[in-house]
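Q: Make the full structure from the sequences, and use the hints.
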Amino acid sequence: MTRSYSIVMLVFLCMWFAPFILLTKYGRKGIGIKRPSQWWRPIVSFIIGGLSCFIIFGLFLFLFDKSIENAFVYIGGNNPGSSITGDEKSLYFWIAVIPSMIFSPIGEEFLYRGIIHGSFVPKFGEMKASVFDSLAFALTHIAHFGIIYTLGTWQFLPIPAALWVASMFLVSQVFFRCKLFCSSIWGAVAAHSGFNFVMMYGIFYLL
Numbered sequence: 001m002t003r004s005y006s007i008v009m010l011v012f013l014c015m016w017f018a019p020f021i022l023l024t025k026y027g028r029k030g031i032g033i034k035r036p037s038q039w040w041r042p043i044v045s046f047i048i049g050g051l052s053c054f055i056i057f058g059l060f061l062f063l064f065d066k067s068i069e070n071a072f073v074y075i076g077g078n079n080p081g082s083s084i085t086g087d088e089k090s091l092y093f094w095i096a097v098i099p100s101m102i103f104s105p106i107g108e109e110f111l112y113r114g115i116i117h118g119s120f121v122p123k124f125g126e127m128k129a130s131v132f133d134s135l136a137f138a139l140t141h142i143a144h145f146g147i148i149y150t151l152g153t154w155q156f157l158p159i160p161a162a163l164w165v166a167s168m169f170l171v172s173q174v175f176f177r178c179k180l181f182c183s184s185i186w187g188a189v190a191a192h193s194g195f196n197f198v199m200m201y202g203i204f205y206l207l
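The sequence shown begins at 1 in my numbering and counts up by one.
These aren't lab readings, by the way, just hints derived from the structure by calculation. These numbers come from a predicted model, not from an experiment. Not one of these hints is a red herring.
FRET-style restraints, in silico, Cβ to Cβ: (1) Ser67 - Pro99: 25 to 31 Å; (2) Leu180 - Thr153: 42 to 48 Å; (3) Thr153 - Ser119: 33 to 39 Å.
Built from N, CA and C at the ideal position, the CB exists for glycine as well.
A: Here is the structure:
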């Protein structure tokens, strides 16, 4: 309702520190908080994450155009910079995109692809555990879109919401595979960061 993400940033910061509070050094290494196997793999992961967002962005634009049923249109409404034109747009874009490439990718990946995923690995193995962390990630993102606040009322958009949750599940699987690709959770962080970069670019320049 307030369209403010300031408190959310604090939540992301708590996620940053959760592995260092809840886990031992061995546990942190076990969930992937370690150096990537090769320096260039996170760069590839960043590109893969960006391409994933480009596909989802294009799908929503094709199906819902620029209506409120487009997840990126609604999310963009939470960003005052999306309505700015002229030379200031580039400045506001970078002000918005840099935090979005840092706070949520690190926080959410440490939590979902890290702690939550690691909790299920001993019993279910890596692949099945990725299903659980992806479901948690996808359902949580209804907070971004699905149950929306517009024109002074709350609304539930069942079909766009289902598509959004499914998209977030699939992109979670992409993030997980980038983690495997890099042998490090920083692969998932890089992919998530690339996703957010393309998302913000689309909101600022394509909507």
